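Enquirer: Sequence:
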Amino acid sequence: MQTQSIRTYFLNNRTIQYALAVLFLVTAFLAAVSIGTAAISPSEILSVLFGGRAASEANGNILLSIRFPRVLLAGLVGASLALAGAAFQGILRNPLADPYTLGVSSGASLGAVSVIYFGVQMFGSFTLPVISITAGFLTMLGVLGFAHLAQRRTSMETMILAGIIFNSFLGSFISLIVALSGEELRQVMNWLLGSVSMRGWPYVQMILPFTAAGALILLMNSRELNAFAFGEDRARHIGVHVKRKQLLIIIAASLLTGSAVAVSGTIGFVGLVIPHMARLLCGSDHRHLLPLSMIYGAGFLMLADLLARTIISPVELPIGVITAIAGAPVFAVILAAKKRRS
0 MQTQSIRTYF
10 LNNRTIQYAL
20 AVLFLVTAFL
30 AAVSIGTAAI
40 SPSEILSVLF
50 GGRAASEANG
60 NILLSIRFPR
70 VLLAGLVGAS
80 LALAGAAFQG
90 ILRNPLADPY
100 TLGVSSGASL
110 GAVSVIYFGV
120 QMFGSFTLPV
130 ISITAGFLTM
140 LGVLGFAHLA
150 QRRTSMETMI
160 LAGIIFNSFL
170 GSFISLIVAL
180 SGEELRQVMN
190 WLLGSVSMRG
200 WPYVQMILPF
210 TAAGALILLM
220 NSRELNAFAF
230 GEDRARHIGV
240 HVKRKQLLII
250 IAASLLTGSA
260 VAVSGTIGFV
270 GLVIPHMARL
280 LCGSDHRHLL
290 PLSMIYGAGF
300 LMLADLLART
310 IISPVELPIG
320 VITAIAGAPV
330 FAVILAAKKR
340 RS
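In numbering that gives the first Met the number 0, the protein residues as written are 0 to 341.
Don't take every hint at face value.
[As the list claims (entries may be wrong)] Cβ pair distances, simulated, as ranges: (1) L137 - E56: 22 to 30 Å; (2) A57 - V241: 52 to 60 Å; (3) L215 - G282: 37 to 45 Å; (4) A331 - S40: 36 to 44 Å; (5) G50 - S283: 39 to 47 Å; (6) R13 - G118: 46 to 54 Å; (7) Q204 - S40: 26 to 34 Å; (8) G230 - Y17: 28 to 36 Å; (9) S171 - A336: 32 to 40 Å; (10) A228 - R13: 18 to 26 Å; (11) A211 - L246: 17 to 25 Å; (12) L22 - E156: 38 to 46 Å; (13) R235 - S312: 38 to 46 Å; (14) V241 - L215: 16 to 24 Å.
[Stated by the list, open to error] Simulated pairs of lysine to any residue, SDA-like, Cα-Cα distance not exceeding 20 Å: (15) K242 - N225; (16) K242 - F229; (17) K244 - A335; (18) K242 - L143; (19) K244 - L140; (20) K242 - I159; (21) K244 - F229; (22) K244 - I216; (23) K244 - S283; (24) K244 - N225; (25) K244 - E156; (26) K244 - L316; (27) K244 - R233.
The hints are simulated quantities; they were obtained by calculation from the structure and are not laboratory data.
Just so you know, these numbers come straight off a predicted model, no measurement behind them.
Even for Gly, the Cβ is constructed at its ideal location relative to N, Cα and C.
Start from the sequences and build out the full structure, keeping to the hints where you can.
Expert: Here's what the structure looks like:
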């Protein structure tokens with residue numbers, strides 16, 4: 000009974016919820032930036048962040064050229080996937096929905112592995128992310144168009160089925176490229192398993208506009224997501240333009256997913272697990288669930304990347320392996336706890 004009252008107090012206290020989330024993010028950032036082959040103290044990190052100088056020029060170069068862009072990229076990817084996952088679970092009213100539900104990741108992945116396999120250099124070093132983002136966006140348009148053709152009044156169920164079809168169809172082409180790959184196989188597999196290694200500031204600048212735009216659209220539509228939790232008819236009854244808002248939310252979540260996949264590869268479980276963890280801590284109100292999912296998603300992927308590059312150093316694991324190892328059991332525990340409560 001006392002445990003229940005503590006949980007109720009926590010769920011009703013937004014200040015504590017946001018304070019803990021920010022504390023988790025700051026701790027994850029400082030740990031990810033300070034730990035590595037060259038250990039750098041938190042005070043030195045803060046000094047560089049706020050315009051000071053590092054204790055040595057070497058440490059300053061490591062922070063500005065390697066650690067900061069890598070950790071920030073991991074944070075942006077984690078925030079994008081977690082936010083997209085929360086949005087998809089809300090709009091589809093399905094706790095098992097994740098950023099890859101509508102096939103956008105398969106389109107983005109196919110674009111990326113095609114660039115690697117065929118050696119395309121259309122946009123220089125930005126060829127892979129540009130083509131990957133474009134392929135993901137075209138896949139999203141294809142899913143929406145196919146769902147509309149299959150049923151004139153596009154429903155969420157039709158859209159999910161269309162996403163499954165596109166996922167399977169595009170996934171077969173990815174498997175074909177993997178099977179045909181020779182020298183490119185290692186590079187293709189490393190990309191498919193996910194990584195934020197050796198990306199640098201240009202990739203941070205590339206994903207930032209998509210993360211900002213997608214987050215802004217979804218946060219502005221958090222009340223509509225709350226309305227959709229009671230069904231489309233109830234949302235329509237209280238004045239929500241159902242089809243327009245559904246399309247807008249799906250486009251924003253798909254852009255977040257496509258841009259994240261384009262710069263980091265396929266990283267699973269972040270968009271599935273983090274929204275559930277945030278929901279346990281703050282409830283189902285999307286006005287708070289969305290921003291808290293972003294914060295926890297960013298911090299989680301920073302820590303996952305830290306483990307990926309240090310757990311068997313100097314060998315670096317793909318970050319997708321770490322998120323799967325951590326995410327699968329956590330999701331199983333959350334799901335079991337929900338079943339017991341219901």
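Enquirer: Going straight from one Cα to the other, do K244 and A335 come out at no more than 20 Å?
Expert: violated (32 Å)
Enquirer: Within 52 to 60 Å: is that where the Cβ-Cβ distance between A57 and V241 falls?
Expert: holds (57 Å)
Enquirer: Keeping to a limit of 20 Å between CA atoms, is the pair of K242 and I159 held or broken?
Expert: holds (15 Å)
Enquirer: Using the C-beta atoms of R235 and S312, is the stated range 38 to 46 Å upheld?
Expert: violated (55 Å)
Enquirer: Is the straight-line distance between the alpha-carbon of K244 and that of R233 20 Å or less?
Expert: Since the Cα atoms of K244 and R233 sit roughly 14 Å apart, the hinted pair holds (cutoff 20 Å).
Enquirer: Taking the Cβ atom of A228 and the Cβ atom of R13, is their distance within the range 18 to 26 Å?
Expert: For R13 against A228, whose Cβ atoms are near 19 Å apart, the range 18 to 26 Å holds.
Enquirer: 39 to 47 Å was suggested as the range; check whether the CB atoms of G50 and S283 agree with it.
Expert: 41 Å Cβ-Cβ, so the 39 to 47 Å window holds.
Enquirer: For the pair we were handed, K242 and N225, check the Cα-Cα distance against 20 Å.
Expert: holds (15 Å)
Enquirer: Is the hinted range of 22 to 30 Å satisfied by the C-beta distance from L137 to E56?
Expert: violated (46 Å)
Enquirer: Just tell me: holds or violated, for the beta carbon distance of Q204 and S40 against 26 to 34 Å?
Expert: Hint holds: Cβ distance 28 Å, inside 26 to 34 Å.
Enquirer: Can the restraint linking K244 and I216 be considered satisfied, given a maximum Cα separation of 20 Å?
Expert: holds (10 Å)
Enquirer: Note whether the CB distance of S171 and A336 lies within 32 to 40 Å or breaks it.
Expert: holds (37 Å)
The structure is inconsistent with the numbered hints 1, 3, 13, 17, 26, although it conforms to all the rest.
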